Amino acid sequence: MFEQRDSALKVMVFRRMRIAEVIALIISTILLLRLFQLCVIERETYTRLAEANRQRIIPIEPQRGIIYDRNGVPLVKNLPYFVAQLSPEYTSEGQIQEIADLLKIPKEEILEKIKNRRSEIEPITIKEGLSFEEVARIEARHSDYPGLSVSTTFIRRYLYGSIGAHLIGYLGRITKEQWEFLRQEGVPQDAFVGQWGVEKVYDDLLRGRYGKKIVEVDALGNEVRLLQVVPPEKGQDITLSIDIEVQKAMEEAYQGRAGAFVAIDPNTGEVLALGSLPSFDPNRFSRGADPDYWRQLSQDPWHPFINRAFQAQYPPGSVFKIVVAIAGLEEGIIKPSTTYTCSGGIPFGNRFFRCWKKEGHGTVNLKRAIVESCDVYFYEVGRILGIDRIAEYARRLGLGQPSGIKLVSERKGIVPSTEWKIKTLGQPWYPGETLSAAIGQSYVSATLVQLARMIGAVANGGYLKELRLLRKTEEINSPQSMVQEISINISQETLNLIRDALKGVVNEPGGTGGAARLQGIYVGGKTGTAQVISKAIETHKLAERERDHAWFVAFAPVENPQIAMTVFVEHGGQGGSVAAPIARAGLESFFRIKKMAIPDHQGD
Amino acid sequence: MSKIFNRLLHLDWMVFSIVVTLSILGILTIYSATRIPEYTVQGLFLPEGPGLKFFERQIIWLILGITVFFGILFVDYQWLKRLSLLFYVISVLLLVIVLVAGKKIMGASRWIDLGLFSFQPTDIFKVAFLITLAQYLHDLRTRLTAGVIFKIFLYFVILPVILILKQPDLGSAAIIFLAFLCILLLYGAESRFLKMAIIVSLISLPFLWPVFWEGLKDYQKKRIQAFLSEDIDPMGIGYHIKQSKIAIGSGGFFGKGYLRGTQGPLKFLPEKHTDFIFAVFTEEWGFFGAVIVLSLYLLYMLRGFDTARKARDDFGRILALGIVVLTGLYVFINIGMTLGLTPVVGIPLPFMSYGGSALLSNFIMAGILTNIRMRRFEIFH
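So the sequences go chain by chain: A and B. Going by my numbering, the first sequence opens with residue 38, and the numbers climb by one from there. Going by my numbering, the second sequence opens with residue 2, and the numbers climb by one from there.
Chain A with its partners taken away, still in its complex shape:
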């Protein structure tokens, strides 16, 4: 019937069919170009996405290196530990509630962790320290919750608890900044890394290398096939220079008081003991932090998180007399035979500068002045030296500058001088302040490690040693360690005189450091009692926080020093009666001597 119809219609239909063919060709071309764009131009991107789709990377935690003390006693061990991990991309909204019920944790906690995740491809830890029963429960439900898995890892157990906690340190969850830095090494987003002490400083050695397991997963998160396993490498064991027995003896000798101590080998610079009290039990927040314990510690008025051995600085009190004595001898201002007469104090300007002994020491030479810690003698010497010469010797002995110990946030103390005072306070130096500085008061302040290095230099014949935390043999392997020491440029004659005087402090009648005396071994030492407030009030009447700081520096044996130390008791009272016995406890432990009864000694 077409033949009978309008032929114009046929023409139009044929023309429109032609147009339709062209349109089909154009659409085909558009599809073709799009295919070309995806398959050829952007191929790399999509190939990567396809791989990322099907591969799940599961980090395998390495065993952390063990920390030993210098005698090979292990200080930590690794215990197996189970954590529940969740891959949110394989978990539905409803499953999260079920998983929360299964693990008996609030749902909000899981959602919060999902919100705060740092890496999109790694699973997140939702519960720590699973019991075996919980592990079994999770494994049994694996087919229901493919996103939920158990990861076996390790928890650090600190075998000595709070003993040496400040030095050994602890692990904590990696911070965002640390993770940005370490992620290239395969460290996962919720890894535990060293956050304090040796654990932090030697984290690179101890951590080892993370391994990984790459598995093929389907869209539901089921593991289909194991593609690749890179085994982890165990962290390196390290041997500290610490003697845990000495550490323990000294911490126990504090009997609950606050303070700090540092003991070093003056010949090598190895740190033998280093502690700060009050301490904390790192086992209680090494993993799965106990928030109550953490809060309790951070609110403690005695600030247990400050390492008093180097993160705080204190006026050194009479310990500073060693500096003034050396300066006086070296500058030729005094000879060993030089005497001054102490009548309990001297007037200077419009003030009266007291000696700690009200009745006075009478006429004393240098040695007696050191042995009995006569303030007046050092007022006189200091007055002649002047503050700038005192400052020069203080700096030579390592004060006012970081000791370079490989632990974080070290303070550098203050060595005041006229220039220092103008710069920092914008005021001129008053001559009276020199007298206070000469007995380690006024602006003078130092850290314990500085004083330990100083007394070490006095003991070893004049060398400030680089402080080491690892046994010498091992540290040589690590790149930054070169055996280093700085000569203090003090004559042997002077050092002999000082050592002899310090021996007298402990061993001679009237010496302030008698409480540190040992049988069979000569100990040299110097007491210090640093005023916290400058009023002459009987110590026992002061509130605890206003009492003097007690100091004692020591080295032994005097003829051939093996150990040098600083002991500090915060608001402890007198150095001779409070700090010296702690030093003795450490020395006894170091020389492995049975404790013996030694009468208490009075005096600064």
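In short, the hints are calculated from the structure, not lab data. This one's a predicted model, so the numbers in the text were calculated from it and none came from an experiment.
Cut-off 27 Å, straight-line C-alpha distance, at most; resulting in silico cross-link-like pairs (DSSO-like, lysine-lysine):
no. : chain 1 : residue 1 : chain 2 : residue 2
1   : A       : K47       : B       : K152
2   : B       : K311      : B       : K82
3   : B       : K268      : A       : K250
4   : B       : K82       : A       : K47
5   : B       : K311      : A       : K47
6   : B       : K257      : A       : K250
7   : B       : K268      : B       : K104
8   : A       : K213      : A       : K144
9   : B       : K54       : B       : K268
10  : B       : K196      : A       : K47
11  : B       : K222      : B       : K105
12  : B       : K268      : A       : K249
Given the coordinates of chain A, work out where chain B should sit on it, guided by the hints.
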């Protein structure tokens, strides 16, 4: 016998080869997409269930389709005219039945379950619709003015389209409506109608859009939003587009190789053996394979246009055009969807996607097309 032999000589082997090739590529891809990966680690996998596997069922449907294809060739397509109205009424009735007694799969009742197999009434309706429309237009003595077109729309389109939307099957309804417009435009609708349609739709769109939008199901809204921005619902519908693009893009120029694709069997790509089969195919066969498949579809369409030109009567011409238009729309919208160019409307790719009644209806259409071409020189009874 000599008559049959003579007809086979005139048989358009090209259309047959194209659709069989596409169907076989489809079956190979269905096998690959639904194969069970080696679950060596945990062995957790839910198999398809008892009975035949997807590719095995598709093979049966293909054999059935080829049989029907040749069956159609023996009857002159003119017979379809007589049956068209009956055919049409039955297919609309099936669309009603599916709403009442259909099998619900994922919230949509599109299937009628006959125990041994299930089918989609929409697939049957498509064929009936094309035949009826062709007959009506052929019998029409007046010019195709806007009024006439609106009348045809009321008679043949509005009821079934609403029924299909009720299932809900937005994709099929939209394609049937689009096909209707395209056929009329091709078959002589006045150009004034075209201009008017464009102007009316442009003016009414802002007013009708909210009505249309409110009438959509949530998942339909999501699809449109996801099409406009992939990031809106990355784990939902945007996820489909993203995974489809990943499958296609990662195929590269020559593909990962047959049975080497990962997006389908590892279930990253949803609807891998049905609506997104082109993506699975391209992941394994690459740009190269995709171009071949695209060319085969284009060739099929051009052959259809050619058949329309050469058809011995108007009925055959309109029917051939209808088949080309409908198939072409399915192909372009489906492939466009896998490439992230058109919105995700759940429609299959003709001949390749898994689905028995769709494959069968496509073979019926291919058979009709071949029939029209074969009888182009025959004289009327």
